[in-house]
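Chemist: Got chain A sorted already, so can you dock chains B and C onto it with the hints?
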Amino acid sequence: MAHGNVPLLRMESISKSYGGVRALQDVQFTAGRGRIHALLGENGAGKSTLIKILSGVVRPDTGTIEIDGKRVEFASPYAANGEGVACIFQELSLLPDLTVADNIAITNPPKRMGFIDTAEQYRFAERLLARVGGDDIHPLAPVGDLPLSRRQIVEIAKALARNPKILILDEATSALTAADVARVFAMLKQLRDEGLAIIYISHRMHEVAELADDCTVFRNGRFVESFKAGTKSDDAIVELMIGREYKNVFPDRGAKPKEAAPILKTSGLAWGNELKGIDLEVRPGEVVGLGGLDGQGQRQLLLALFGTLVGMTGSVEVAGRPVKLSGPRQAKSPDIGMALIPEDRKNEGLMLPMSVRANLSFAAMRQFSRFGIVDKTAEDKEIDEIVKLLSIKADGVDGPVAALSGGNQQKVVIGKWLMTKPRIILLNDPTRGIDVGTKQEFYQLLARLAETGVAIIYYSTDYDELVGCCDRVLVMYDGRIGRTLEGAEITEKNLVAAALNLAPGTPAPHTVQAIAGAQA
Amino acid sequence: MASATLSQFRPDRATIIAFGCSIALLLVGAIAQPSFLSIDYLVQQLQIASFLGIVATGMMLIILLGHIDLSIPWTIGVGGMMATAATGFFGAGAEWFAIPFGILCGMAVGLVNGLGVAYLRAPSMIFTLGVNAVAQGLMVYHTGGFAPQDNALPLMRELAVGRLVPGVPNPLLVWAVVGAIAVFILTRTTLGRRIYAIGNRERAVYLSGVDAKLVVLICFVISGACAAATGIMLSGWANRSYQAMGDPYLLPAIAAVVLGGANVMGGRGTYVGTVAGVVLITLLQSILSVVQPQNIFAQIGIAVSAEAVRQIAFGIVIIGMLLLYGREKAVK
Amino acid sequence: MTDMALSGPGRRRWQSIVYFVSAQRGILLAIAIFAVMFGLYGWKQEVGLTANIINTAANKGALLALIAMAQTIPVLTGGLDLSVGMIFLLTNCLASVIVNGDPLMTAIGIVGVLLVGLLCGTINGLIVVYGRLQPIIVTLATSAVYFGFAVVLRPQPGGSVNFELADIMTRSYFNIPVSVMVLVGVVLFVWIPYKRSILGRAAFAIGSSEQAAYMSGVPIARAKILAYALSGLLSSIAGLMLTFLTYSGAAKVQIGNDYTLNSIAAVVIGGTSLFGGVGSVIGSIFGAFVMRTVGDLLIVFDINPVLQPLFVGVVLLLAVCIGSLRLLRIKNKVDLYR
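Protein chains in written order, with my numbering: chain A, 1216 to 1735; chain B, 3 to 334; chain C, 643 to 980.
Here chain A stands alone, though its shape is the one from the complex (with noise of 0.2 Å):
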């Protein structure tokens, strides 16, 4: 958006390519001052990648950016930072090891004689916090003891002790209270006010209805359009986020499955303050959705099926009989015939560095090997026939992973645990991150596990998928299965209203529909 002046921040031309996979393609974006300024689009849509390239994490390919009209090059965050630019991430930048006020006062602390002030630091952060809502974090804390929703308050005061003229929030308030998003807003309307430039990214669209003067749209790693707050409806911008090309297509799921024995069985599971009892069961064929807003508990239970969670009380039958979970290795035994795909493909699923074949017949080493040697034909026989399944685009098999698309990594995953013929299979939010083409295949592999019999736990953040996908729906809430939905019950609507925990029937409108056309 031109305001007559010379923006504060335009990027122009800026593309990027991670080994081969444009994330980026010669889009355009800026910003003006006293503004604050949405960046829309769906995962992958290149909006961190952006944010990455103006914070200095990552240089791009080709393009440029000018800050008050003087040509920048960031070699690093902390050149970046030099420019005033200040950034919020996703994944948290705290030293978990140092205490708050450390943390908030990093780049620049006070100082007297050259040296850091600490008393005045204890003060300045203390400032700091009062300002963002986080006048209950005692400065001296080390970061590290906080709970998540503290640290992400932490993380905001650490960005505004850099004075920056450009604050950018990626996602900075997704693990907040709605009392502490209230805090933050009326911090970042005021910050506005004092004309710094703010770039926001969230999911959420009525925070973004209720912040956003500007709005700017990308769609698979392209600039798409920008255009000002207010000018278009919710229904018009998740047009253009999800552009007319693709349309999530689910495969027709048979008829619901006959009334089997449940295959998996759980009462009373209880862990800590995240689980608080959850009945369950499951049969075979079926695809078991857990639905709610992200982190009530959901990821915990699959942890808690798959047996790592230690001090978890209540009852688990597989197939009728009683089980004691102790961890990964009992749940993949035959018996029991479990496997999970871990939310975190890069650090729970796979080694990045080794081969496509190492990864996918780790996990079923014992089928193809015989005393502990492995039978080098039969595993290459199963692995073609996995490639083949899931049609795994690789350049031969002993190639490392790393070098895979995100797409074909999770294929990898997936495989990997395929091979050990599971009963069970837990998904963790298997489709984050990952093209729309992988996640087609994906629905229609699902549906063809089911019918063969596999029962499925499938968690997922997209709605949307869980409508497609799911026999059922358990959706959680504070440890808890809050509401269950069954066939023609499993809407958008429903889902959200249960999510946010409203009685059945009193859908609170305006809510429902932001947050409904958020997840489409």
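Because the hints were derived from the structure by calculation, they are not lab data. Heads up, a few of these hints could be off.
[As the list claims (entries may be wrong)] Listed next, the in silico EDC-like pairs over lysine to aspartate or glutamate satisfying Cα-Cα at most 20 Å (straight line):
| hint | chain 1 | residue 1 | chain 2 | residue 2 |
| --- | --- | --- | --- | --- |
| 1 | C | K837 | A | E1335 |
| 2 | C | K837 | A | D1332 |
| 3 | A | K1491 | A | D1467 |
| 4 | C | K973 | A | E1489 |
| 5 | A | K1539 | B | D213 |
| 6 | A | K1708 | A | D1679 |
| 7 | A | K1654 | A | D1686 |
| 8 | A | K1480 | A | E1496 |
| 9 | C | K975 | A | D1360 |
| 10 | C | K975 | A | E1489 |
| 11 | A | K1561 | C | D744 |
Keep in mind the model is a prediction, meaning the values are calculated, not measured.
Modeler: What follows is chains B and C alone, placed relative to chain A:
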């Protein structure tokens, strides 16, 4: 930082460079002393390299896991001293048991290391350091208290200096067998896959339903056994066991593995590379002592001892080669 | 709970104290272990803790304490310096050559020794940062080089040092050993300013999370180089002190290696995390004294002093096992694995 570079899977550059440097060293040495290219000299060098090679085999497994074994010096000591003392413990009739006993003692040291590192999750650097001190203390106590038998048995002597196969010294034979087993483990077995996988991402290994702790334990036991085997052969070589016999082996073993292209942080490295590293270090030390570059300094009036030249060259070569191999990617 | 009764500013202050104490718990534990061991030593010692005995103990412990301090700083960044022992030997040998003659020459000699220490450390840092190599392997290699130069300087043990100065540096004044004053001096004039400087804090930040430190715009390269440089400097102070104690220089590989390895142990006993981000040289001082007191205890308890490594090893393993108690607090087994 698992630097996920493609280069790890290209034909191993480090190995080629290390072998190339070894050959270059031989050629340079041959200019000064033509006997360098004789079979006798080369066989003798390989015999000396065998001691380091066997220790480095165990160390390599540990480094592949992303750990380190600083208990090597006194595990070597334990192996040698317990083997020579075995007849004192079990009577002269137990001569056959001396070598297995030494190895078992080394495995016991490795077992303690493994329990601490895998199950107590202690940092391997500090835990193996502590175990080394304890092993040292126990050995000192052993020699101080019992005035034990420390002469090598004929069998051990034979193992170290004999030639079962004509022309091939026995230590080299032992190294060949140990090396073949290591290659087999690393390339053909589930254990080998798991070792590399743990070095890359232990968390993914655990979540794949693999007992990562057991793998770590096994590797430390193997490392203990390798070190003890070296200790036994060293005792045969010197005809007796002695304190501190393992001290000169810790740092060269680590250096050999790293010069062979293994990543000190784990997950990457080949056995051929380790062999290359061992050969390179052995040749470097030998050639420096034969060529005597200190004489060159003496000619220009600087008195420098051979030891000094050897150490300085050793350090510079390691750093120079590692810089040559290419650097870790910057954090991004 | 006391803090429940308080409110407002009073409660804040109480929390501040709690956080402050909790941040020092590593140091406090090391002090406690040392106090118990040294108390036991004094109690069993027939003549009690006379000034003389304290002075001897301090001189013995100060060398390791200085090297442990040197080790601490790279460890804080998540690195390691395996060359501290050899820089110690090199500077010892150098001091036995140049710290001699009239006061001016002696002073120049001391500055020279310290500069060489600083240079060695800086070289380590430069290679680690710009060579992008693992610190453990870099310092392993440079330690061979530094040892080589030590042998160049002193092929045989020998040399001399300004005798008057050596005498002063190894005595006690007002019942305080000079070696302890040196340690306190290093804490006051090196450690505290360092800790309160941008680059010192950056060292903690890097050790805590290098990625986050980079994102936060922390000057990583400079901070790492300085950490290794300071490590070299402190090692050279230890080298000087050794020269004052022995009046000579000696390049014995075993001594260098012992000091390097014991310094790591002292750092750990002193409450510094080998993963970086948490710790203090003050803890390391007490860690070093704990290691040294083990030997003294053996003497007063009439245990063969050759068993010292055994007991040092046991103390070290016990310290590590205390660290393993954290396993009991782990709620999700996934967190056990890197």
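Chemist: Any hints from earlier that this structure breaks? Give me their numbers in increasing order, please.
Modeler: 3 and 11
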